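Novice: Sequence:
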Amino acid sequence: MPDITQIAAVHLKTGFKFSTYVKTTVPISSEAQKVIGISVDDHGIMRVNGGSVDSVSIKTSLHDCMMWLAKFPRAIFVAHNERRFEFPVLVSALLNTHCFETLCNCVSSFVDSLPVFKQSYPGQSYKQEDLVNVFSRQPAMPTVLLMMLKHWEFCLKHVRLLTIWPTSLLLLQSIIQFV
Numbered sequence: 001m002p003d004i005t006q007i008a009a010v011h012l013k014t015g016f017k018f019s020t021y022v023k024t025t026v027p028i029s030s031e032a033q034k035v036i037g038i039s040v041d042d043h044g045i046m047r048v049n050g051g052s053v054d055s056v057s058i059k060t061s062l063h064d065c066m067m068w069l070a071k072f073p074r075a076i077f078v079a080h081n082e083r084r085f086e087f088p089v090l091v092s093a094l095l096n097t098h099c100f101e102t103l104c105n106c107v108s109s110f111v112d113s114l115p116v117f118k119q120s121y122p123g124q125s126y127k128q129e130d131l132v133n134v135f136s137r138q139p140a141m142p143t144v145l146l147m148m149l150k151h152w153e154f155c156l157k158h159v160r161l162l163t164i165w166p167t168s169l170l171l172l173q174s175i176i177q178f179v
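Position 143 of the sequence shown, counted from 1, bears residue number 143 in UniProt numbering, the numbering being contiguous throughout.
These aren't lab readings, by the way, just hints derived from the structure by calculation.
Please note that a few of the clues may not be correct.
Unchecked claim - Pairwise CB distance ranges, derived in the manner of DEER restraints:
(1) M67 - L12: 27 to 35 Å
(2) N105 - E31: 34 to 42 Å
(3) V89 - R47: 18 to 26 Å
(4) C104 - L12: 17 to 25 Å
(5) S120 - T97: 29 to 37 Å
(6) F72 - G123: 33 to 41 Å
(7) E129 - E101: 19 to 27 Å
(8) T25 - K71: 40 to 48 Å
(9) K34 - A70: 32 to 40 Å
(10) K118 - G44: 32 to 40 Å
(11) G44 - P115: 37 to 45 Å
As the list claims (entries may be wrong) - No farther apart than 27 Å at their CA atoms in a straight line, the calculated lysine-lysine pairs in the DSS-like style are these:
(12) K71 - K17
(13) K23 - K34
(14) K34 - K127
(15) K71 - K59
(16) K23 - K118
(17) K17 - K34
(18) K23 - K127
(19) K34 - K59
(20) K34 - K118
(21) K17 - K59
(22) K118 - K71
(23) K59 - K23
(24) K23 - K71
As the structure is a computational prediction, the values presented were derived from the model and not from experiment.
C-beta: ideal position from N, C-alpha, C; glycine also.
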């Protein structure tokens with residue numbers, strides 16, 4: 001299973017942001033490096049688009065994120081293609097660092113943006129990098145999360161249909177491990 005390389009969040013009403021880079025324990029594939037722009041050099045220094053960045057352990061990163069999330073009651077976690085990729089990686093990291101229960105106390109629901117985009121924009125590529133190119137058109141907006149913010153009113157209409165409740169994540173992780 002791949003490592004988490006970055007954890008980022010934004011509070012919609014205030015614009016407050018959280019972001020941290022995570023030290024990896026496994027090499028980042030060349031394909032992933034192209035998509036996310038993150039690599040680790042031969043000296044163990046994490047680089048984002050060539051520039052060095054500070055990184056912390058996954059446990060520190062998740063703990064800091066939970067502390068940040070706790071400031072905002074009923075947070076909704078939105079990720080692209082999360083059911084197949086983000087959730088298994090996140091749940092594994094949360095369980096390994098004993099942070100799962102804390103996340104369940106901070107987050108009210110989890111929404112996968114992939115079905116939202118499929119329903120809204122049929123017949124196109126739904127890869128994160130393609131969606132970023134189509135919707136952002138600005139180098140300062142390199143994530144699907146920012147696209148979701150632009151289309152948030154539409155997304156809210158679909159939250160109930162696309163929601164996974166935190167207590168369902170353990171069951172989801174068990175199912176994914178057997179597939």
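Novice: Hint by hint, say whether it matches the structure.
Specialist: Consistency of the hints with the structure:
no., hint, in the structure
1, M67 - L12: 27 to 35 Å, "violated (19 Å)"
2, N105 - E31: 34 to 42 Å, "holds (35 Å)"
3, V89 - R47: 18 to 26 Å, "holds (21 Å)"
4, C104 - L12: 17 to 25 Å, "holds (21 Å)"
5, S120 - T97: 29 to 37 Å, "holds (35 Å)"
6, F72 - G123: 33 to 41 Å, "holds (36 Å)"
7, E129 - E101: 19 to 27 Å, "violated (34 Å)"
8, T25 - K71: 40 to 48 Å, "violated (29 Å)"
9, K34 - A70: 32 to 40 Å, "holds (35 Å)"
10, K118 - G44: 32 to 40 Å, "holds (39 Å)"
11, G44 - P115: 37 to 45 Å, "holds (38 Å)"
12, K71 - K17, "holds (12 Å)"
13, K23 - K34, "holds (18 Å)"
14, K34 - K127, "holds (13 Å)"
15, K71 - K59, "holds (19 Å)"
16, K23 - K118, "violated (33 Å)"
17, K17 - K34, "holds (25 Å)"
18, K23 - K127, "holds (25 Å)"
19, K34 - K59, "holds (26 Å)"
20, K34 - K118, "holds (24 Å)"
21, K17 - K59, "holds (19 Å)"
22, K118 - K71, "violated (32 Å)"
23, K59 - K23, "holds (10 Å)"
24, K23 - K71, "holds (25 Å)"
Checked against the numbered hints above, the structure violates hints 1, 7, 8, 16, 22; every other hint is satisfied.
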